[in-house]
Structure formats: structure tokens, C-alpha cells
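As they're listed, the protein sequences go chains L and Z.
Numbering of the first sequence is given in the numbering used here, commencing with residue 1 and proceeding in unit increments.
Numbering of the second sequence is given in the numbering used here, commencing with residue 1001 and proceeding in unit increments.
It should be emphasised that the hints constitute simulated quantities derived from the structure, not laboratory data.
By construction, the Cβ of each residue, glycine as well, lies at the ideal position given by its N, Cα and C atoms.
Mixed in with the good hints there might be a few duds.
One-sided excerpt, in silico: chain Z residues whose CB lies under 8 Å from chain L [unchecked claim]:
1) L1231
2) I1238
3) M1253
The lines below spell out each chain.
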Amino acid sequence: MLSYLARRVINLGGALLAASILVFLILGVLPGDPAEVMLGVGATPEALAALRAELGLTANPVLRYVDWIGGLLVGDMGTSLAYRAPVAELIAERLVVTVPLAVAAFAIAVLLAVPLGLFAATRRGGPGDVAVIGASQVGLAIPNFWFAILLILVFAIHLRWFAAGGFTPWDENWALALKSLILPALALALSEAAILTRVTRAAALDVLGQDFIRTARAKGVSRLGVLLGHVLRNALLPVATIMGLQFAFLVAGAVVVENVFYLPGLGRLLVQAIDQRDLAVVQNIILCLAGFVVLVNFAVDAVYAVIDPRPKESRR
Amino acid sequence: MRPRRLNLARRPNFAIGAVLTGLVILAGAAAVFFTPYPVDGVAIGSRLQAPSAAHWLGTDMLGRDMLSMLMKGAQNALIIGFVTVGIGLVFGAPLGFLAAMRPGLWSDVSLRAVDLVFAFPAILTAILIAAVYGPGVINAVLAIAIFNIAVFARVARGAALQVLGQSYIRAAEAIGRPPLDIALRHVLPNAAAVLLVQATIQFAIAILAEAGLSYLGLGVQPPDPSWGKMLKDAQTLIFTHPYQAVAPGAAIMLFVLGLNLLGDGLRDALDPRIHAIRLL
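Excised from the complex, chain L in its bound form (with noise of 0.2 Å):
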């Protein structure tokens, strides 16, 4: 176990090098110059050479990605050119916004999903099946910012239940706060609710086929019984891969969502810095956001090795 985790953190701190690098590539050595797309076709040769040296592209690429990469380590993620603030703060401001929605989305997807799943598989081919198969195709064709405008569209503009959009500040009102992501977050839960009652109904549909269901329900376990320790326990598996491939994908809708509902967090600050070509903050949000699919990999294969119920040897 203890060997199988140290694997583990080695492979993250890889992925998590790897992802600076590809980040720093993309950003800072193709060709095309950021300086020339910041200032347009009709700036002045000096305008540009004073602009490349304030982004401090004319330094050697190692050097830079070094100095990009130690700055991170002790926390100094360099200075936005549009806020003048350091990047590490603005950052730190949105992370309250992005964070809480992400969790509240993954939340609200699961607590629907496996009930669903579960539901479902117990009554393969019925009608209830039916709906819930039907009603997970229509949820994963649904672009997640569609939903979010057809939210608007029913609870603020008709029911006026909520706000069409912007966020309350936590420490202002945090039940508002609180109220202001609960529209994004069913928007960003949908699509991910949907492939997780997939999942988890094919994943429980695997399960209930085996012979220990069988012995199980023969020794006299209740079917919520047999239903809830062995056949979500062990369907766990599978759904658990899914969620942590799926957070990736979480993250990037988060991205769209916030700008539906106009919510100041890292994604609204990401596509706001590509209109304002802030170099500096895209490449660390990216890496955060980055950061953040890595990390969760890495927990979901640490869960993986608590909740696997088989024994070490038939592992793969």
C-alpha cells in the first residue's frame, strides 16, 4: 500500500512537470509573438522591444521557465499587466468562487447519479430503465451554457426565484453567496450527472451478473442489503475512474459556466485576460486548473486503493 502511494506522489509530481512544460511551450516558445498580438500590426519597433522586455521574453527560455517554476514554489506567480496586482492574489480572490462551484457541481452530480445508476440497473429493460437511459442521452447532447441560459430563462427571469447572474461576496452575505452557484452548479452538473448514471448503471449492471450477488441474497441479505455492500461497493470502482478522467472536463465547463452567470472566478479571469492578453495570468491559471485535474487523479487513485474490495493479489 505504502509503496503503491509513493509510486503515486511520483507519478504526480511528473504529470504536474509535465503539464508546466507543455504550458510553458505553448505560451512562451511557438512562434508567434505575444508582444506583436498584444500591441496590434501598427506598433512601433520600440514598442514592442520595451514590451517583450516588461514580459520578459527576451531572456533565454530555460532561464524563464526556470524562473517561472521557482517563483511558483515560494509562491510568486509574477504581476498581471492589466490589474498591476500579483497574479497570486487575483488567483487567490477567484479560487472562493471556482472552487466552492466545482465541488458543489461534482456534489450535486453524484448524489443524482448513483441513485439513478443504481435504480436503473435493478430494473433493466423496464420502463423505469428506459427513462432514466433516455434521460441521460438528452442530459449528455445539452451544451452545459444552453442549460445555464434556459435556467435564467425559468428561475430568474419567470419565477424570479434567483438572480440572473454575479455573485455575492462571501463575506458580505454568505447565504447569498451561497445562492448566487446554485444555478451554475446544476448547469455545470448536468453533463456530468448524466455519464456518471451511465457509468454507474453499466458498472452495477457488471456487479449484479456475478455469482456472489447470488450467494449473497441465497444467505439470506436483504436486497437494499445486497444492493448497498456489495453492488455499489464494488460498482465504486469504475465510477470512481470516470469521476476523476471526468473532473478534467468539470473544470473546463466551469470555465464556460462562470461566464453564462458573469461569476468572478477563475474562468471568468481567464477569458477576460485573453481579451487583455495577460500573458502572465493565463499561464498560471491554466497550470492551476491543470494542477487541479492532476491532484484529483491522484486522490481518486488513492480512494481506489481503500475502497477496492478484491483482494491485492487479483489487482491489476
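Given the coordinates of chain L, assemble chain Z onto it according to the supplied hints.
Just chain Z, lined up with the frame of chain L:
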């Protein structure tokens, strides 16, 4: 494989999927030759009209016919879907086959690279590229294509590994067939089914990604119509003209639904054990 009848038409998934996808392809193909109204003209006099006999789906804030915009949008979505899936297949499948047939350092490195790409959904890659080159449809296509290459490489490798374990491959090797010959004669035909199913799924995901990017202003650029951009425009009018947001969203949903059903139907017909990847 023994030849058999697929009876595709009798599978409801496939049939519904084929009809929905067919409608979009028809609309997109028709838009190459004509649209009821031009989509590049601005007609302020007839802006924001409700659906009528003249404009079946009404007009937008610039007076452009919504149906014509949807048709051009379908054309753009189809082009982006075919290009990104095509690039993914052409580069990803050989990469996956190579990784399966030549295990070693190269294979390890490419598998790690594939894993890494999975941590960067197309939207994030597109944002990175847009930060250097500015927003544009080429960036969106590139970002979606890179993701597709990773997906097809993973699927092709899995399918190839399954085939390579068969004894007839060892027989082919024993009689001295060159690796390229084995790849083309044995691995590719056996992987074709799973690659086809995956292509349908990736097409659907490409449509969703492109719509999201265009919504953010990072995909198809105005005045070229795209479904995502139409939704962005509709959102600004949501308090006064809410119905504007219905048609473009429904178009995306029905097309993606059609592609997904088509993929599921194909999988059931070709081989229900096919293991496709679905990441959204």
C-alpha cells in the same frame, strides 16, 4: 469475422440517430448552395422579428434570418467536426498502433503524453493557443484535434493490443510478414469498428467543444455564423426576446443527441463488447 446482417434500421438508437444527424447534414450541405436569406447582410429594418411565414424562426438583432444562420452554423459545425475527427484519426490511430506493436521508451513517452492531454480539455488548450495567437477558428480546430489525437491513440492502442494477442499474429510474424503489413492487414480491420464508434462520439464532443468556444468568442468569428455565437447573442436579449435562445441550443442538442445515438447503435450492431472512451 463471419459476415452477418447488421439490421441497422431495426435498431431504434441507430434509426433515430441517423435521422437527426441526417437532417443536420442536409441543412449544412444545402447551406453550401443556398440559404433562404443571405447571412452576411444586415437588415436593421427587420430586426428581432418573431417567427412568421417569411422568417420561420424569426430574425436576430441585426435582422438576419435565424433559419439561414442555423443552416450556415450547421455547415460550420460539420466542417469543424470532420476536420477535427479526421486529424484525430489520421494521427492518433497510427500512434496507438505503433505504441502497441513497438513497446519501449517511445511507447511509454507517447502514452504519458496522451495522459497529459487528457488533463487539458480542448477548451483549456484553445484558451492557451488563443492567448498567443489571438482567438480564431483555426485555434479552436487545433485544440479539439489535439484532444482527438490523444483519444484515438488510446483507443487504437487498446484495440491493437487485443488483436496482437491472437495466435494468427504470431503465425504471420513467423512467416516473415513485415510489421506494416500486419498493421494494415490484421490490426486495422479489427480496430475499424471501435475507431468508427469512437469517431461518432468524438464528432459529438467536437460539436459541443466548438459551440462552447464560439460562445466564449474563441471559435468561429463573426460575421461567420455559429450556433455557440448565436446563443451568446441571444443571451444579451434574454429579458426582452427570450425565444431567441431556443433554436440554436436545440440545434446543438439534437445534433449531439443524434450523433451519440448513432454511435451507440453502431456499437450495438458491430460489437457490443467494444470499449469506447467517453469523456466530455
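Unsatisfied constraints (hint numbers, rising): none
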